[in-house]
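Engineer: Mind docking chain B on chain A? Use the hints.
Residue-level listing of the chains:
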Amino acid sequence: MSHRIRKIIRKNFWYFLFVLLIVVVIGFPLFWMASSSCKPAVELFKMPPQLIPEQPTLLWYTQAFSDSIVVRYFLNSFIVSATTMLTNVLIATLGAYSLARFSYRGRRFIMAAVLSAYCIPPIMLMIPLYRIIAGIGLNSSYAGVVLGHLTLTLPFCVWILIPFFRKVPKEMEEAAVIDGASAFNVFWCIVLPVCVPGVLSAGIMVFILSWNEYLLSSVLVMSDTMKTLTVGLANYISSTEIDWGTIMALGTATTVPIVIMFSAIQKYFVEGLTAGAVKG
Amino acid sequence: MDHMQRTRQKPRYHAQRQTLGIIFIIPIVLFLLIFIVYPVLYNIILSFTDAKLLSRQFSWVGFKNYQKIFTNMRFPTYVKNTIVWTVASVAGQLLLGLSIALMINRKGSGTGLRSFLLIPYVVPAVAIALVTKWIMNGDYGIISWWFQNLGMMAHRQSPLAIPGSAMATLVIVNVWRSYPFPMLIYWAALKSIDKELYEAASVDGAGAIQSFFAITLPHLKDTTIVLIVLRIVWTATYFDLPWLITGGGPAGSTTHLPIMIYQASFGTFQTGYASGLSVLLGLSLFLCVVFYVRKTIASDTHK
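Here the protein sequences line up with chains A and B, keeping their order.
Read in the working numbering, the first sequence has 193 at position 193, and its numbers run on one by one without any break.
Read in the working numbering, the second sequence has 1224 at position 224, and its numbers run on one by one without any break.
Careful: at least some of the hints might be erroneous.
[As the list claims (entries may be wrong)] Across the chosen pairs, the derived CB separations fall in these ranges:
no., chain 1, residue 1, chain 2, residue 2, range
1, B, Gly1207, A, Phe18, 11 to 21 Å
2, B, Leu1150, A, Leu20, 14 to 24 Å
3, A, Ala112, B, Pro1011, 29 to 39 Å
4, A, Met172, B, Pro1076, 55 to 65 Å
5, A, Leu21, B, Tyr1038, 43 to 53 Å
6, A, Pro56, B, Trp1146, 19 to 29 Å
7, B, Arg1074, A, Leu86, 41 to 51 Å
8, A, Met172, B, Pro1011, 14 to 24 Å
9, B, Gly1207, A, Tyr104, 52 to 62 Å
10, B, Leu1150, A, Val71, 37 to 47 Å
11, A, Phe31, B, Ala1091, 25 to 35 Å
Simulated from the structure, these hints should not be mistaken for lab results.
Quick reminder that beta carbons are idealized off the backbone N, C-alpha and C, glycines included.
Bound-form chain A, shown alone:
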């Protein structure tokens, strides 16, 4: 008996050690970014580095946000991500419902096309999109960046929404039909309300993808005032005088809202992804 208990403890000891190790390794870079952003310059460049700031300061944050271009980057990113999100929610919701609940010729082909589009990475679309968007005069505009982001997010959003629509019981739709509801009303009044959590979480996931996107945003925008946050931030690092405190503050400020948003929806995201992405 005591042998067994010892064995369990020993087994769990290694388990807890592993958990601790993973948590430290995964959390460290983020912890270090936040910690560095609160260190005064003296501590930032002290060797050996201190884990926790001795005299925490918000100086880097106030300094960063007093620069009007930084505020502009945040605003640009917000406008682009919100527009991408709304467009996605509108188009992808309709498309996903159609693919999940209707049968017509070519439906399976369109599903395969959406999934293939989901596999096409931005580096393959960068050159033609640059020319197309410049060709229609949308370079350095919000619309241009949003179009670029849609190529990445729309297939993803459709794909992740299909399982949510599939889960709506067919009986609910039938009952409404018997009560004389039109096909559109069945969608609008019966199906959609049930799927609000799914649609909302897919929308927020799209917002996050758009907020984080770097390559297309950097290529499609030339003028400094139209740059999104990721592109603006990346430029800090290529300048000769690297201001680490400000960079860590901005990195933290870029990451924190995203992590909070993700935490709010991750339950639905996990549900959608594990149902839609890969089935073994």
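Structural biologist: Just chain B now, kept in the frame of chain A:
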């Protein structure tokens, strides 16, 4: 089938429903045609021209761009870098993802832990790149300082300044960023394994390690194959992290095909040549995409 019968009683509804389904899918189809299909074809066309970044005119040059690619002395090195980067990253993220999935699949492991471990999935690549450059900074970086103190690196040297360790750093950071996806997929697959199998195995006297190899691993085979294929496509074409951390250096030791494409099109403005490169990259991944799509769509209809 009940559904069919009842709606047949309402032919008007049925016709209306058909139309609605088609109307709802039209925006997606149009978008895919204009912004995915057309660009992909346009890319292929550009690869046979002498197009430059800033001019709209171009003329046909046949296979000249491809000839230039294959006679480029550095092309084999960059292909090798792409393969090293992809194989190491995919292997790393699948192994870490599986280990953590096994860890959170245990009874008593809370959802709080799972949520925490999902965070790297949404951290902006730019932020990770900036932190990496900071902790690897030769003068003030904490990791560089550790390596320097252990005597593994010279004073004021950064791991990012040495070819081999620069690539290793990129792979480690990429594994850190991308393990949550395999972790989630593996976790879902683990949950779907019948618990009775394990009970039966333990009755038969199998230990934890034996049942892992006899039950868990075989059950994860399909998932693993699909994950490998999907992650190869995304990793081999992933630009942001390597570009933002090393920019392809030192001395081209971390330049992979996506960075080569970017430099050709936006560094030296040779759009035609860059398109040729991206066509080649696309072709080499084409089979992976076909396999993934077929497999996923096929498993979808069994539901």
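Engineer: All hints are to be evaluated individually against the structure, with a verdict given for each.
Structural biologist: Hint-by-hint comparison with the structure:
In this structure the hint that Gly1207 (chain B) and Phe18 (chain A) lie 11 to 21 Å apart at CB holds, the actual value being about 18 Å. For the hinted restraint 14 to 24 Å between Leu1150 (chain B) and Leu20 (chain A), the CB-CB distance of approximately 22 Å keeps it satisfied. Taking 29 to 39 Å as the suggested C-beta distance range, the pair Ala112 (chain A) and Pro1011 (chain B) conforms, at roughly 31 Å. In this structure the supplied range 55 to 65 Å holds for Met172 (chain A) paired with Pro1076 (chain B), their Cβ-Cβ distance being about 60 Å.
Checking the proposed 43 to 53 Å range against Leu21 (chain A) and Tyr1038 (chain B) shows it holds: the Cβ atoms sit about 49 Å from each other. Distance hint check: the CB atoms of Pro56 (chain A) and Trp1146 (chain B) are about 24 Å apart, consistent with the given range 19 to 29 Å. For the hinted restraint 41 to 51 Å between Arg1074 (chain B) and Leu86 (chain A), the CB-CB distance of approximately 44 Å keeps it satisfied. Between Met172 (chain A) and Pro1011 (chain B) the beta carbon distance is about 21 Å. The supplied range of 14 to 24 Å therefore holds.
Distance hint check for Gly1207 (chain B) and Tyr104 (chain A): the Cβ-Cβ separation is about 53 Å, which falls inside the suggested range of 52 to 62 Å. Taking the beta carbon of each, Leu1150 (chain B) and Val71 (chain A) are about 43 Å apart, inside 37 to 47 Å as hinted. The beta-carbon spacing between Phe31 (chain A) and Ala1091 (chain B), approximately 27 Å, falls within the hinted interval of 25 to 35 Å.
Every hint, counting from the list given before, is met by this structure.
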